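*Asks:* Each of the two chains sits in its own frame; use the hints to bring them together as a complex.
Residue numbers (the numbering used here), protein chains in the order written: chain A, -4 to 273; chain B, 736 to 1143.
Everything labelled a hint here was simulated from the structure, so no lab data went into it.
Quick caveat, the model's predicted, so the values are computed rather than measured.
Careful: at least some of the hints might be erroneous.
Within a straight-line C-alpha distance of at most 25 Å, the following computed DMTMM-like cross-link-like pairs (lysine to aspartate or glutamate) qualify [claimed, not checked]: (1) A:K229 <-> B:D980; (2) A:K229 <-> B:E1025; (3) A:K139 <-> B:E781; (4) B:K1050 <-> B:E1102; (5) A:K139 <-> B:D1126; (6) B:K793 <-> B:D742; (7) A:K229 <-> B:E979; (8) B:K1050 <-> B:D1126; (9) B:K1050 <-> A:D248; (10) A:K229 <-> B:E1102; (11) A:K139 <-> B:D796; (12) A:K139 <-> B:E881; (13) B:K983 <-> B:E881; (14) A:K139 <-> A:E261; (15) B:K1050 <-> A:E126; (16) B:K1050 <-> A:E221; (17) A:K229 <-> B:D796; (18) B:K983 <-> B:D1126; (19) B:K793 <-> B:E781; (20) A:K139 <-> B:E753; (21) A:K229 <-> B:E1044; (22) A:K229 <-> B:E1117; (23) B:K1050 <-> B:D1017; (24) A:K139 <-> B:E979; (25) A:K139 <-> A:D258; (26) A:K139 <-> B:D1017; (27) A:K139 <-> B:E1025; (28) A:K139 <-> B:D926; (29) B:K983 <-> B:D926; (30) B:K1050 <-> A:E64; (31) B:K983 <-> B:E781; (32) B:K983 <-> B:D999; (33) B:K983 <-> B:E1102.
Partner residues are not named here, just some residues of chain A that face chain B (Cβ under 8 Å, in silico) [claimed, not checked]: (34) S28; (35) E42; (36) M137; (37) A138; (38) T146; (39) R225; (40) R227.
Cβ coordinates follow ideal geometry from the N, Cα and C atoms, glycine included.
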Amino acid sequence: MRTLVLLSDARHPVSGRPHLSRLETQAIGLAASLDPAARGLHAGSGEDAVRAGLGHGLAGLDVIETTGEADPLPALVGFLADALGGADAPELILAGRRGEGGFETGLVPYLVAERLGLPIVADAVAIRAGEMPGTLVVDQAMAKGARRRVTVRLPAVVTVHPLSPLPRPFAYGPMRRGRIRRHSPAAEQADLPAVAKMAGHGTVAGRAEDTGGTTVGPVDVVPADERPHRARPKLMRTSGTAAGGANLHVGPDPTEAARLILDYLEANGIRRYGKAPE
Amino acid sequence: MSRQRRDPRAERGIRTVESRARPRLDVARRESPAASGRLRRDPWREWAASLVDETYRKRYDRSQRQMSREDAARFLAARSDIEATAISPGQPALHVVEEPAFLIFAVIEATGGRLSRFDRQVFGAARLLADADAGGGAVVAITTGEIDGLGEAGADRMLALPSANGGQARAAALRHAVETLLPRHVIFAEDGDSADLARRLSVALGDDLMSGVEHLTARQAVRPIRNGAREIGLAPPRLMTIGEDRVKPYAAAPCEARPIDASDFEAGADPAILSSEIIPGDPASLALSETDFVVSAGNGVSDIAAFRELAAAMKGTPGASRVVCDAGLMPRSAQVGASGTVLAADCYFALGISGAPQHLQGIAGCEHVIAVNTDLHAAMIERAGLAIVQDAQLVMPALLALLRERGA
Ligand SMILES: Cc1cc2nc3c(=O)[nH]c(=O)nc-3n(C[C@H](O)[C@H](O)[C@H](O)COP(=O)(O)OP(=O)(O)OC[C@H]3O[C@@H](n4cnc5c(N)ncnc54)[C@H](O)[C@@H]3O)c2cc1C
Ligand SMILES: Nc1ncnc2c1ncn2[C@@H]1O[C@H](COP(=O)(O)O)[C@@H](O)[C@H]1O
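Excised from the complex, chain B in its bound form (with noise of 0.2 Å):
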């Protein structure tokens, strides 16, 4: 019996791939695919994709995309034609979807007509499940007014209800949206009203609703349940809520948020609520781990007065260094870190506050950091999104005196 002879130049001619410069092999290049019938990474291809923009020094965004196969395949089409820029986060295209599958429904807050971190969430599970196996599905945002940056959100549609007086008479106008327009999924946040309305709805529309779902993939929807001690996982039911931070915003090009014509969509008041009022938290008196933004004092602060005034009147809850109240200059309860309040807020400012591992923990949670602090190699001043190397008792009398300029 004869073997076949190999002919290991036929097979380098196989591999070889053109390059620029000089011929590379592709020792991994089989003629047949994979037995495993998965496609193979490329991650010539992928750090090519996520190069935002080839200037002085090459730079490279593999925040933005995991590149999943369908992206992957995405990427071999475009390669021939389009430069890796054109795809990249730095200057995405528009999404638009022009006639959507199916619908989905997200429906947001926006307190103060701006998206919170909650709404992003809202909205990368909706697109999640819209841009899942063959996609085409339309994602609408549920608003109550105009919000900026629906679009960069994922929102192909917008549908602005009117504004109703408590939650019933708003889950009457969605319940009359869902029936009129039939999405496949309608996703909202485990949070405060929006909380309330998925239950409203839920029991309006007589439908299972799988609330607080801490996993979800376009195949299953996990819950934990028994306080958390067992979990169940189920296909996507129609109506949703999700748990916070449990879903990544959408982060690619960024949508179109037309707007849907609105004016069927009666909102009535409901009879039984007589008056609602709003009335704000004072920061001074809230708790600090209830709080959005926290004013802190480290060892860098010698003038308490100023920095209590300070506090007050950046609308901002009071916060210091274990240092600070160890020193008996701030109460205990003040104490941001490890041994004192881990923080929830959005933003944190720190006046002459190091930046120790046990006060970092406390502020991991905070979106935005502020820093001002005299020494530029503080770690403080690095985990900043605005770090400002200056004296703090220099930039004190001076945030107060611009404060007081502009009238607050």
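Pulled out of the complex, with its shape left as it was, chain A reads as follows (with noise of 0.2 Å):
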């Protein structure tokens, strides 16, 4: 199965230089025991930050050369389009959930997704072929352990959860001897309005025209606006019933405890067992 993995331009969080994000490495992780060729897309202005995916996993890496802090989504939707209709179409596409260091919203796999007219997938933390060819059986992270297992039919977006298996260890000669591929975006850019078309998605085409071309997608930040974090105490949780007076049992007979304690757990709904006595 052709595989991708979208490589943001991620920073550390102590030194804030470039580096490959963990989550894009667990991706690199699943990518790579799907498809032993996979490959890595950035757009960016360099590869400083995602080098590394070649040894972690990657089989090559695309880096489309844009310049500074410029929207990656167009760069990356041309390309992904133009790949889709090639001859070694990808068929997953894998991404993180969040970024790191940037703006942090998340929404750049599902605007890929929307724009390529492919269904997208949230919080995998495993994937594996499924019995029918051309589709994907997906586990999701859920709360509290559950996993939501769904297949999916491909070519699809699959973004990847924190708790999903450990990256493999990195190797340098795969990194050295691995091949980067470097684009211009100016080419593929001009794609995006076929796509988008192509997509049936009317209302993305429309909002890039009212806004003179220049927005292609949801971004919740103004620049000017940025000041340092400040950081805010969350709340406390505190225990549920309050005054222990009242719920407190000196020397109960223990099976008066047993009782007292399995209605305590299905009050508060934390487990159901069985039939409640009558």
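*Replies:* See the structure below:
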């Protein structure tokens, strides 16, 4: 299954230097388990951040050179639309669920999926090929350790959850051997309206028009409003029942104690244990 | 030039306040409002408003409302004819919005038909925006089925969208609802399916999404960017997801949660999703940091085999205090506390644990704590929401027997 991993321009949380985000390293691990020839795709001003992906299991890397903090979306969509129409069309596109070090909205994979008219499945912890050809089985992480197993038709976009398996260890040799292909965004960008039309999303094209074609997606950030972050305390979690007095039982009969405990658990919705006593 | 003489008697007269037993002087009272233009706090009135019930002993509930200026004004008006108990959280009245000036959608998950902490916080955020300034907004709970306690959580209306197969179909139904009812804000939890739905809706509407809001007031919403080094603050946009434990849940008078007719909102199926099934988590193999319910043994438990059996029967993840792990009775990965795992669980069941500070640090996030201990004065007994002073060796077999009897 031909697989492509979207690699963002992540920043290290402490040093602020470009690095490969851990989540995307996990995505590379998942991709490499499905496709030994998995490739990475990055739109940005250089490959410093994402080179390490080759050492974690990618066979090659495509870098679309865009300038500075330009929106990577048109470049990504243009490249992917070309690739999907080509001979070696990718079937699975993996991405992280949130970026790291940028605006961190997690919208890029959704926008890519919508522009290309592909389905998207979020928060994958495990993926494997489905029984029918052209399908994929994705395990989604849900609250409390539950998983949802969905089968999707390929091609599809899948975002990866931090609980997915640990990434493969880094190896220097493969990183040196890996081939990086560079592309310029100009030619591909011109294709965008056609792609948007092809996917049948009139809203997107309309929106691009009325903002003069410059805005390509929802971004809530006005760079001028940026300011240093102020840490705000989270809410305290306090014990459900206040005043231990009422709920203190000194020396109850063990059977009575057991009943109290199970009733407390059921009343607070923690667990259900079969039928309740009448 | 002559100055006007002060008349101390007249000044006293102005400042005297009515009170039950003896005359009281309010030395701070002025004829004109304070120069700052802000209303003064009246601590007497605040205390009176938080009086829960005046029985044998007075009981005040100060946790529920920090007196805001609007509240103070309301109580000022209310005090003359209603008793404090009538507006206290003890016996709250129903909050009804007949003709909403605008709508606010609160999209909740309520897994298993129950509102979670996070769901209540989403309602808290929605209520905050609905009641801001002049108020008059109505909070619409967007659910996928019947859920208890929506009114208490702060929902004026309830819209049960038909349950859909797959996120795309759910987003389409929600988009239809947003386009028909035109809410001023749509609020989601930055978690799981809600976060997914928010992004799908944002893309479908072509509208900005403010994700992971950390600080929310009626005037601005703030979220961190660039690995938490910087932040941005904007007037609350239409689509927002809020971070966990960032907004207080709603705690005043219950609302009515009147159902809205949802027959117009069709849910299709997502053609790309071929099948979907839910596999519940197995508590025995879950990591301590991921599970929702931990059954934990301390030095007071001598029969570890029975404890393991109990944890499995109660469908909880086994944990232990350091003493037990040091003794080699439980693996190190089961240790709860400062030098073990800090839990994110909802419930913690402690058997024979004294509650040393290093241990309590690990369970600071647990909402419900149950303690079984022979020592009435153990710190764990004080921390617990249900405290049982009894021998753990006797309670464990009793629990196992009762679980067997209930067929679990
Ligand atoms: C640097 C440092 C880090 C630490 N980190 C951790 C940590 O991460 N996690 C941790 O757990 N500890 C930690 N500790 C140890 C901690 O201080 C306590 O020693 C430990 O938590 C005590 O464990 P306990 O409550 O099981 O045992 P005890 O303190 O011995 O308490 C046993 C309790 O069981 C009760 N009991 C006795 N018999 C029965 C019975 N038959 N039925 C019911 N109850 C009974 C007793 O009344 C008593 O309250 C740390 C200590 C240090 C110095
Ligand atoms: N410039 C980029 N090039 C390639 N992929 C990207 C880029 N920016 C973001 N992505 C992908 O989109 C995911 C979410 O990013 P974001 O929407 O910025 O939070 C990331 O984990 C990447 O997989």
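*Asks:* Are the Cα atoms of K139 (chain A) and D1126 (chain B) separated by 25 Å or less?
*Replies:* The hint is violated at about 31 Å.
*Asks:* Is K139 (chain A) within 25 Å of E753 (chain B), Cα to Cα?
*Replies:* 58 Å, violated
*Asks:* Does the alpha-carbon distance linking K229 (chain A) and E1025 (chain B) stay inside the 25 Å limit?
*Replies:* 19 Å, holds
*Asks:* Just to be careful, I want the Cα atoms of K983 (chain B) and D1126 (chain B) compared with a cutoff of 25 Å; is the pair within it?
*Replies:* 38 Å, violated
*Asks:* Keeping to a limit of 25 Å between CA atoms, is the pair of K1050 (chain B) and E221 (chain A) held or broken?
*Replies:* The given pair, whose Cα atoms are some 47 Å apart, is violated under the 25 Å limit.
*Asks:* Given the hinted pair K139 (chain A) and D258 (chain A), is their Cα-Cα distance within 25 Å?
*Replies:* Distance of about 21 Å is within 25 Å: holds.
*Asks:* Please verify whether K139 (chain A) and D796 (chain B) have alpha carbons no more than 25 Å apart.
*Replies:* Violated, at about 33 Å.
*Asks:* Can the restraint linking K1050 (chain B) and D1126 (chain B) be considered satisfied, given a maximum Cα separation of 25 Å?
*Replies:* Measuring from Cα to Cα gives roughly 22 Å; hence the hint holds.
*Asks:* Quick check on M137 (chain A) please, does its C-beta sit within 8 Å of some C-beta on chain B?
*Replies:* Constraint on M137 (chain A) satisfied, holds at 6 Å.
*Asks:* Just to be careful, I want the Cα atoms of K1050 (chain B) and D248 (chain A) compared with a cutoff of 25 Å; is the pair within it?
*Replies:* 24 Å, holds
*Asks:* Does E1025 (chain B) lie within 25 Å of K139 (chain A) when you go C-alpha to C-alpha?
*Replies:* Roughly 6 Å between the alpha carbons, so the hint for K139 (chain A) and E1025 (chain B) holds.
*Asks:* Is K139 (chain A) close enough to D1017 (chain B), meaning Cα to Cα at most 25 Å?
*Replies:* Between K139 (chain A) and D1017 (chain B) the Cα gap is close to 9 Å, so the pair holds against 25 Å.
The structure does not agree with the numbered hints 3, 5, 6, 11, 15, 16, 18, 20, 21, 30, 32, 34 and 35 stated previously, though it agrees with the rest.
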